[in-house]
Structure formats: structure tokens, C-alpha cells
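Asks: Since the structure of chain V is provided, determine the placement of chain C on it from the hints.
Spelled out from the first residue to the last, the chains are:
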Amino acid sequence: MYIIGENIHIISDKVKAALKERDAKFFQDLAVRQVEAGAQALDLNLGPRKADWQEVFPWIVDTVQAVVDVPLSFDSTNILGIEAGLQRVTKAQPIINSTSAEPERLEKVPLLAKKYNTRLIALTMGSSGIPVAADERVNIALEKIIPRMLEIDFPISDLIIDPLVLTVSGCQEYCPHLIEAVRTLQYAWDPPPAISVGLSNVSNAVPNENRPLINRVYCAMLMGVGLKMMIANPLERELMEVVRIIEQRDASTPVGALYLKIADRIANMEEPSIEDVDMSDPEQAAIWKTVQILLNKVIYAESYLSQ
Amino acid sequence: MPVEIVKDKWPGSVRQVTLGATAAEGGTRSHTVTVGGEASLPFMHFEAPMPNRPRVAIEIKDRRPDDWSPLLLEVWGAAADNPAEWAKAAEQAGADLIVLALSLTKADGSPTQAADAAASVKAVLGATGLPLIVFGPGQAEADNELLVAVAEAAKGERIALGICEDKNYRTIVATAMANGHLVTARTPMDVNLAKQLNILISDMGLPLDRILMDPTTGALGYGIEYGFSVMERLRLAALQGDNMTQLPMLVTPGFEAWKTKESKVGEGVPADWGNWLQRAINWEVMTAVTLLESGADIVVLRHPESVARVKAVIDGLMQPA
Numbered sequence: 087m088y089i090i091g092e093n094i095h096i097i098s099d100k101v102k103a104a105l106k107e108r109d110a111k112f113f114q115d116l117a118v119r120q121v122e123a124g125a126q127a128l129d130l131n132l133g134p135r136k137a138d139w140q141e142v143f144p145w146i147v148d149t150v151q152a153v154v155d156v157p158l159s160f161d162s163t164n165i166l167g168i169e170a171g172l173q174r175v176t177k178a179q180p181i182i183n184s185t186s187a188e189p190e191r192l193e194k195v196p197l198l199a200k201k202y203n204t205r206l207i208a209l210t211m212g213s214s215g216i217p218v219a220a221d222e223r224v225n226i227a228l229e230k231i232i233p234r235m236l237e238i239d240f241p242i243s244d245l246i247i248d249p250l251v252l253t254v255s256g257c258q259e260y261c262p263h264l265i266e267a268v269r270t271l272q273y274a275w276d277p278p279p280a281i282s283v284g285l286s287n288v289s290n291a292v293p294n295e296n297r298p299l300i301n302r303v304y305c306a307m308l309m310g311v312g313l314k315m316m317i318a319n320p321l322e323r324e325l326m327e328v329v330r331i332i333e334q335r336d337a338s339t340p341v342g343a344l345y346l347k348i349a350d351r352i353a354n355m356e357e358p359s360i361e362d363v364d365m366s367d368p369e370q371a372a373i374w375k376t377v378q379i380l381l382n383k384v385i386y387a388e389s390y391l392s393q
Numbered sequence: 169m170p171v172e173i174v175k176d177k178w179p180g181s182v183r184q185v186t187l188g189a190t191a192a193e194g195g196t197r198s199h200t201v202t203v204g205g206e207a208s209l210p211f212m213h214f215e216a217p218m219p220n221r222p223r224v225a226i227e228i229k230d231r232r233p234d235d236w237s238p239l240l241l242e243v244w245g246a247a248a249d250n251p252a253e254w255a256k257a258a259e260q261a262g263a264d265l266i267v268l269a270l271s272l273t274k275a276d277g278s279p280t281q282a283a284d285a286a287a288s289v290k291a292v293l294g295a296t297g298l299p300l301i302v303f304g305p306g307q308a309e310a311d312n313e314l315l316v317a318v319a320e321a322a323k324g325e326r327i328a329l330g331i332c333e334d335k336n337y338r339t340i341v342a343t344a345m346a347n348g349h350l351v352t353a354r355t356p357m358d359v360n361l362a363k364q365l366n367i368l369i370s371d372m373g374l375p376l377d378r379i380l381m382d383p384t385t386g387a388l389g390y391g392i393e394y395g396f397s398v399m400e401r402l403r404l405a406a407l408q409g410d411n412m413t414q415l416p417m418l419v420t421p422g423f424e425a426w427k428t429k430e431s432k433v434g435e436g437v438p439a440d441w442g443n444w445l446q447r448a449i450n451w452e453v454m455t456a457v458t459l460l461e462s463g464a465d466i467v468v469l470r471h472p473e474s475v476a477r478v479k480a481v482i483d484g485l486m487q488p489a
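Top line first, the protein sequences correspond to chains V and C.
Here the first sequence stands for residues 87 to 393, numbered as in my numbering.
Here the second sequence stands for residues 169 to 489, numbered as in my numbering.
What the hints contain is simulated information worked out from the structure, not anything from laboratory work.
Treat each hint with caution, since some may be false.
Unchecked claim - Lysine to aspartate or glutamate pairs mimicking DMTMM-like chemistry, simulated, CA-CA at most 20 Å apart:
id, chain 1, residue 1, chain 2, residue 2
1, V, 383, C, 358
2, C, 175, C, 193
3, V, 375, C, 371
Bound-form chain V, shown alone:
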């Protein structure tokens, strides 16, 4: 699993405060800790920075690049800011996160990616928003995104399709469709583009104590359909453990065996079965309940685990 660390994100109050102070040490520490925990690239989301992009984007690149060598992912809607950052990159091939399939974005952003030889994350979202159905998202990739890359001679090997994870707390019906979109996209082109998702989005607006469980169960399900790249929190130790369990097929613990079974069931286009679960083990029962909400079988509620 190729993990793009998500923690340098302006939504965090600590990040917000550190940026205000231009606290280089804070960002360097967060960058190093993510890489040490297994991140292979770092997402930098400091917002559009409409007022100070000329200074902030180069500053964050210089700051982070001073301590880590991994690719930097520029997560912003501000195309000028991204370019200002790209001009400072001296290390690994960076990533632009992202373009959508909206005509204006798709016109400009891929050209920037090509000019600076970056990889490019493209969201399967058109002008009319995010479609529910898996097929429609795949169609956006096939009919809008990939043709545009071919048109400008952008290497498909540098394209990363993001079929868009939405939260189980408000867009529950999207959750199973996203799994199928990831499955199908791998056959969408030859050679297929990389596929990445923003994993933590699945638990947006979920109470904090429930988020990690939902994230790692969804991760197991997505690894079942072959997900190999994601933007996620590498400091979530139990998430990284689930990744390891599935990659190494480590069924040595009952909970590990369950995660593996869930991934295998999804891989075989079967529904995870209650027979796979020891419901007397509270941890396994919680995993099972989480599978049920992520497959949209049972309506999500904040207290779904106590049901």
C-alpha cells in the first residue's frame, strides 16, 4: 500500500496555528513522523491561501523538503499556489491533488502537471457533482479524464484516478458504490492508471472515537478490490496494522483473520458473512457492524455500535 500521509491539513487546529506562526519545526516533525510511520508521500493541504500563496507554498516546500525525501502532494484549488510550490521542488516527483472532470479544471490542471512532470490525481467528479453509481464514476474517468490526458500527451502512468470516498454518515449509499468503482477502474485502461482514495473521508462527521474503526474496516474492504494507494493517516497504528495483515496475509490472530476474510469475500464479489465472525468477541462484533453500515445494509447512526 502506497500511503500519502494526510496529516498536514489545514482542517487541524494545530496545523492552522503552526502555519500562522510559520512554525517550521512543527511541520518538519509532522513530516518526519508520517514518513517514519510508513507514508511514502506527503499531502500538503494548506487551503487556497488566496492572500499569501506566493509566500506560503514555497515556504512549506522548503520546510518539509529539508527533512524528508518523499514526493510532496499539492492539495489545493489554487493553481498559482501549486505552481509556486512546484518551482521549489528539488527532490522526488511531486503530485498535484487534484483536477476534477469539470471542464475548466480539466483544461488547466493537467497542463500544469505536464509542464512540471508531476503525477496528477483526477477526481471522478463532473460539473453535475459526484455520481452515486460506480459505473458513472468509471465513465467519467473513461470519457473525460483519460481522453484529456491522451490529448495533451500526459503519461497515463502518472495519472492517479480518485473515485471519491464520501462519508458513511450522510452519503451511505455511496460507500458500496465506491468499492465497486475501485474494482472496475482497474480494468478501465491498459495499462491502468493508479487508483487512490481519501480514506478518512468515509468517517467525516462521525464522532472521533468511531472514526478509526470505520476507516480500517473500509480499508480492508478496499484492499479486497485491489486498492494499492490511498491518502490516509499513517499515525493510525491500527490502520497500518490492518494494511500489514492483509498484505502479508497474516491470519495468526482471530481479528486479523476476520479482516483478511472480509477482504477476500469482497475480492470474490461475495458479501462478508456472519459465519466469518465470532460475535462473542466484542472487537469482531464491532467490525461486523461496521461492515454492515459500509455496505449500506444497516442505516448508520452515531451509536450504531451499541445497537
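Replies: Quick look at chain C alone, frame taken from chain V:
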């Protein structure tokens, strides 16, 4: 050519909830009313019979309301000045249940006191043998104060107390538990929030067969499609076996319909909108019938003519094809 009717078989069903208690059960109601129990989508009698017909409640107030349509005040006449008389008139108009909605203030503008609320409820219970639902004024503090008094005054009558919301349910649930009553749980048109509130209430120890859920709806032309979808989704989840959604649904089409412009305004509207009273009644009836089709078990109405029409529709829908 014979046509094969496709039938769904659902693993789950809606709980049955009984309102009211007769003398034998420790109350004074002339009969009880049981709702719920559906094992199929509404009126699909060929899949599974509906054990209980949807019920019509009439909403009355503890005093003449300041903000109701003159059309409603006209039809209820002097009865609207007195909750006991109003309850009698509502029973005569065909109500299966009475909803007594408490006012925040008395006619003189001073706050309604706990003793006033208890007296209103006792008067209504004395005037009609129908099971009763009591709604607080809709402000947390007043609801809690008044409903506790109401619950105690009506102990043994198995009334339903409303309205529990996610910000204010503990006191109401506790007093319902202490006095053998039911609660109604209202959430703003959202399946996740509806289920969450049911979990929270049942976590306090109130059995699920003493909860009615009100998923909130819009009126015809004012978001009813969204309300319909939420109710349909909740009902599908119930039939699929999600026990925290297997509760009968109470909805308030009377409240919704009578606040629309079409019902409220009689002057300065296009002539081809037609007769005001007929339009207003149509609005209430169409809203209610739409909600019946999305799974409502209790519809709360305001106009007696609407009650007659909605009951006639229910009669028709309850006939197996």
C-alpha cells in the same frame, strides 16, 4: 394471459405499539389503539396483510390558538375555546386519537404552568374515551416542566408524550418510563438522525414498543418528496431487519399543510387557485395521503373534512385488491 404478481418477502417487520389503557389495564380509555406491525410496504396486502390500519389523530390545543387559519377556527367554532369541548368535537368528527398540543402561554400572555397543563389533560381525558397524545409547546424547558406534570396527571392512561428531540429527550423519556407512557421522537428529515434518537431513547431503558417516531415531513409542494424518501428508507430498513427503525411513524400533515401559502392565504392569489377552503382541505388531504403511502401509521390532521376524506382513503386502501 395470466400475470404472475412478484411478491417480496421481508425478514423484518414493524413493532406494534398500543396507545391508551382501558379500565382493565389501569386507565380510563374506552378502547386502545394499536398501530404498526407491517411486514410489507404500505398496502401491499398481497405480500403480507397489514395487521393494523393507519390511524387519524386530530390536533387540538389547550386554548384557542393565535396562529391557526381562520378556516380552522371557524369550523371548530366555540369548541376551540375549551380543550374538553374540542376533544369531544374531534371524537365526533371521527378522530381515532386526540393530539393535545400545549401552548407556551395562556390567553393572557402569561406562561402556561404545570398545573394548567395537567388540568387541560385531565379535562380532555374526562371528555373523550380516545387514547391521547400530548405535545409540549416545543421549547425544551417548558416541554420538560409541563410534560412531567402531564405524565403524572395521566398516570396509567398510556398516553404518548412529545416531542423528544436529540437536544431534549431525557426528561421526557424518564417521566414516560416512570408513569407508564409512550414517547414520540422527532428528527429533522434524516434517516441517520432518526435511528440515532431511537437508539438513545432505548438506551435509557424505554422499551421500543413504547416509541413512535416522527421523521418530519414537508407539505405537498414544500419538500414532501424528501420526507417521503426518508420515511420510505426507514421503512425499508425496518423490513430488512434493522430493529432500531422498526417503529411506527407518526407524522403531522395538518401542521405542515396549514402553514403553506396555498392553505393560509385566501386573498390576493390567482383566481384559478379556486375556492380557498376547498384548496386548503385538498392540501391537507393530499399531504396526508402521500405520507400514508410512504408508511405513516398515524397522521395528525386539523380540519374535520380532511379527517373524513383521509379515513375514506384508508378504508379503500385497506381493502385487499
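Asks: Run every hint past the structure and note whether it holds.
Replies: Status of each hint after checking the structure:
1. V:383 / C:358: Roughly 17 Å between the alpha carbons, so the hint for residue 383 of chain V and residue 358 of chain C holds.
2. C:175 / C:193: Not OK: residue 175 of chain C and residue 193 of chain C at ~39 Å, beyond 20 Å, violated.
3. V:375 / C:371: Distance ~18 Å between residue 375 of chain V and residue 371 of chain C Cα, so the pair holds.
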